[in-house]
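Asker: For reference, the chains in residue letters:
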Amino acid sequence: MNPTTPTRKGVTCRNLVKDYGSGESRVRALRGVDVEIAPGELTLLVGPSGCGKTTLISILAGTLDATSGDFSVLGVNLQRLSKPAKADFRARNVGFVFQQFNLLPFLTVAENVAVPLIINGSSRATATTLATEILHAVELGDRTQSFPSQLSGGQQQRVAIARALVHQPRLLVADEPTSAVDARTGHAIMELIRQMALQPDRVAVVVTHDARVFGFGDRIITLEDGRVASSKRGERSFTHDPLAPA
Amino acid sequence: MRTGCLFPVWLATCYSSFSVILLREGAPPSSQDTLAGILGRKGDAVNWIALKMLMGDKSKYFAIVFGVSFACFLIAEQSAVFCGVMLRTTSQIRDTHGADIWVMNTGVRYLDDAKAISDDSVFRVRSVPGVAWAVNLYRGQGQAQLADGTYQAVILMGLDDATLAGAPTHMLLGSIGDLQIPDAILVDEAGFHQMWPSEPLSTGKVIEMNQRRAVVVGVYRASQTFMTLPIIYTRFSQATLFVPPPPTGRLTPFVLTKAQPGLPPEQVARRIEAQTGLKALTKQEFLDLTMQYYLRHTGIPVNFGTTVVLAFLVGTAIAGQTFYLFTVENLKHFGTLKAMGMRDRRLIAMILIQGMVVGGIGYGVGVGLATVFGIFSQRAMPLLAFFLPWQVLALSGAAMIVIVLLASLLSIRRVLVLEPAVVFQGGS
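Residue numbers (this note's numbering), protein chains in the order written: chain U, 14 to 259; chain A, 3 to 430.
Example chain A residues on the side facing chain U (calculated, C-beta under 8 angstroms, incomplete):
(1) A47
(2) G58
(3) H335
(4) A423
Residues from chain U that keep clear of chain A, each with C-beta distances beyond 10 angstroms, as calculated:
(5) T25
(6) N28
(7) G34
(8) R39
(9) T80
(10) Q168
(11) D195
Straight-line C-alpha distance at most 16 angstroms; calculated EDC-like pairs for lysine to aspartate or glutamate:
(12) K245/U x E54/U
(13) K96/U x D346/A
(14) K285/A x E268/A
(15) K281/A x D102/A
(16) K285/A x D97/A
(17) K96/U x E421/A
Simulated from the structure, these hints should not be mistaken for laboratory data. Glycine residues also receive a C-beta, built at the ideal position from the N, C-alpha and C atoms.
Excised from the complex, chain U in its bound form (with noise of 0.2 angstroms):
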């Protein structure tokens, strides 16, 4: 089998340790991880600030290397793969949604939503054409030609959510999705990724330390100083946005 190859396993770290720098000057931002993330749950990371969120997101992202232990996301060791496969890897089973949305200023909103397709080797109207049914799905069919100057903070995160599954991606990480809009439209949001990313085969991980999100996890494995300190389920509290208006 193609090493590249995804399976229908989740996500697997056995002591991941990560340092940053050399010498004297090192640190240690994971110190020996042990994670279990299973398909068609959503998995949050929470922690405070500096406890290795971010590196183990991207660690399991496939866009920063380990110093040391042994993981495979959905069956494949990242770590042996050359940087060309794992950029491949990367553009054809993760999808990504950053805290800042990341989107490119010059493109539409269609066109922002195309580009995972285009890396992916498909044609410009091709991706279009998917990017605006996608569009639909979050309710934004009417803003496809706007740049994502012209959309609210809420807006564009589901514009980012949009490019971050038009590409039908395995593993979805978010990156605090919900940390630059407010309490309403960031459980609008959680409650958006919940219905698009969860499917049996797919795995979805967020980095939040938003607490009111927090019952929108599966799970919910909670780092501090580089550690995993609790792995738990999640109570899933919320199926419906609480703050909506009865």
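With chain U fixed as given, assemble chain A onto it according to the hints.
Answerer: Just chain A now, with coordinates in the frame of chain U:
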């Protein structure tokens, strides 16, 4: 003014038109009539993203294009002025029509270095097989005294009395045949205005040279010379009277020669050299000899070369800095694309495409501006030497490629070392 062609102006216009189309704000993604659309459809859609990134911010885009255009303008303009100056060093050789071989003293290094040969040389040259005809040509420097008593240095050309071979061809007033009138001289247009400023061209003006009367019977148009002195044509016999007798008694500096039809001038020139012991050069060889002398023994190449190199360095700095800053300001976007799985070679291609587009537009605008500058500045400053041959366009194009590559390399390096994980760190 001489320009290689108006191609640069056309090029700049085309590029500008493309730019305007490309910069249409809010153009729909399906617009297939744009350059971006063409590249996106026929090539790789990633190219289209690169162009959208490049032209998304008009002010930055124009700043980069301006930098490259300015660099290209400086290089093309200075190179064209250099070519213009070099061209002037040989203008009299080029303006002498009819003969295809110049025979001269073996010690001559360039046109103005004329040394006299024996006056019977013309007969010896005529005796060489393959020579169709040969005539004396006087060339020297004289002093003209104007009616108001002022003196003006002039270049004096003496044509063969019988044939007037080598005479100017572009007459503005009078005719070549008028040189047969006693004391007759022809003056070039620029020289006329130099001696009689703000007076209309006319015949009948009288000057004195070597205390002998000379009458202007015609005015002709000549190429500008390096020394920018008036050029006076007269008959050979007359010319020798307009200058003091030389100490050697020899009066003839050149013999103009024509090879018989069907014979290569080079071959006839070598025969003349072998038979007479004189130096015989084809017109092209004499042009090259003169130009080589100015290139090797004057400060012209160094001075202009310094300016061109400075223009190149300044252009590289401006273009490199603006393009590099553009990349730095877009690092967040490159990082996002990198995180989303775009390979490094695709990112390199994006930067190179951006560089090529900027370089291409900058080149078109730059050489276009240089051409327009040449056209208009020469109307205001007739003494400005400006010649834009295709070699200058090629040189400017090559310089642009180097500048864009250097600028792109800096940007590529910055993007290649960018860790894709940076996008998770607060979005920057």
